[in-house]
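Engineer: Listed below, chain by chain, are the residues.
There are 2 protein chains.
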Amino acid sequence: MKPRTDAEHQERMRKLKVAQDRKIASKTIEKGLIIVHTGTGKGKTSAALGMVVRAIGHGMKVGVIQFVKGAMQTGEKAVFDRFPDFVEFKPMGEGFTWDTQDRSRDIAVARAAWDEVKRMIADPSYHMVVADELNIVLRYDYLPVDEVLAVLANKPAMTHVIITGRNAPQPLIDAADLVTDMTQVKHPFREQNVKAQRGIEF
Amino acid sequence: MKPRTDAEHQERMRKLKVAQDRKIASKTIEKGLIIVHTGTGKGKTSAALGMVVRAIGHGMKVGVIQFVKGAMQTGEKAVFDRFPDFVEFKPMGEGFTWDTQDRSRDIAVARAAWDEVKRMIADPSYHMVVADELNIVLRYDYLPVDEVLAVLANKPAMTHVIITGRNAPQPLIDAADLVTDMTQVKHPFREQNVKAQRGIEF
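Read top to bottom, the protein sequences are chains A and B. When we follow UniProt numbering, the leftmost residue of the first sequence carries the number 1, and every step to the right adds one. When we follow UniProt numbering, the leftmost residue of the second sequence carries the number 1, and every step to the right adds one.
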């Protein structure tokens, strides 16, 4: 499979370059994407944070609403709070359902967080809006998925919306442009009793 | 499946909380993790960048070596360059194999990048080292995987090492603590001819 000489390699790569250039030239569309990170593996929120970093590095305005994480001081919040002109980072959750143990309160918290997401999406000055762990809220029927779909259908054309959390509902996947399933291959919580660590989970 | 009353919800969550607390109490180990992000979907590098954000937000020192990305000005570089005391961010690549068309030069570039990764891993003042797209270099046999495994086997106990790129070799997966396969469900390059966009891909 591998070329035997450097000259063969060069010739093969020259041809590949032509094909790649043609492929890139065919991709001309720019649009605000609906992005979903789901699956049981690690990386859903981290990958959203990575895109936030990229966006603010280009001077784009970003809003991040966290539906589950609350008052806990995270590394991401410490960094993003250094860029107040570019990113509004709001952990609006109160923890997991088993922490609050209060369904009506969970619903009210989800509703308040969703209202913030809606406000940001409606405002075209935001280039990117992250609804972190929204899928969990949808999974518990704390918000109707139809309401989320209606907002996405009417978002400004160039706004990117990133939605994270396991168990993304199929109608949301259908509406999305870019969907990645973070598939767990190995996880040290499960296999080695490693705890949540700074820099990795928060 | 869903509880009918708020009281039932509360009772169920109370029990779940006991189980969750027991589970968390069993996880006591802290260690530097070998983390691999692989798969054909989007999010491998983004998720690594998200962990870099978390780490520097906690004052940890991070090194990032990019094996493919080169001189191109990215959003992530613009942000991380604002934190020179915490993150050393080095795009050391010269593009894809079809850009360079020169195997011996690709190998020399991979070797230089790997030397930097080795230096950072050997220095315990780095809490996290990211080898971005190292898997691609391994895939092309530009570096022997055994050399990478030897360095990982001797890394300082608390250093996290994150390796990204599709086609992670099985021996690397075997050596890792945390492996996520970013599985492509939908991608707008492929399906909608959307181009690479600021804030999303760079």
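Don't take each hint at face value.
Same chains, same label: a pair holds when it works inside one copy or across any pair of copies.
[Said to hold, decoys possible] Using 30 Å as the maximum straight-line C-alpha spacing, the simulated DSBU-like pairs for lysine-lysine come out as follows:
{"id": "1", "residue 1": "K15", "residue 2": "K155"}
{"id": "2", "residue 1": "K23", "residue 2": "K155"}
{"id": "3", "residue 1": "K90", "residue 2": "K118"}
{"id": "4", "residue 1": "K61", "residue 2": "K17"}
In short, the hints are calculated from the structure, not lab data. Treat the numbers as computed from the prediction; the structure is a model and nothing was measured.
Engineer: Now look at each hint and say whether the structure bears it out.
Structural biologist: Hints, verified against the model:
no. : hint       : result
1   : K15 / K155 : neither (41 Å within a copy, 40 Å between copies)
2   : K23 / K155 : within (29 Å within a copy, 41 Å between copies)
3   : K90 / K118 : within (14 Å within a copy, 38 Å between copies)
4   : K61 / K17  : neither (35 Å within a copy, 38 Å between copies)
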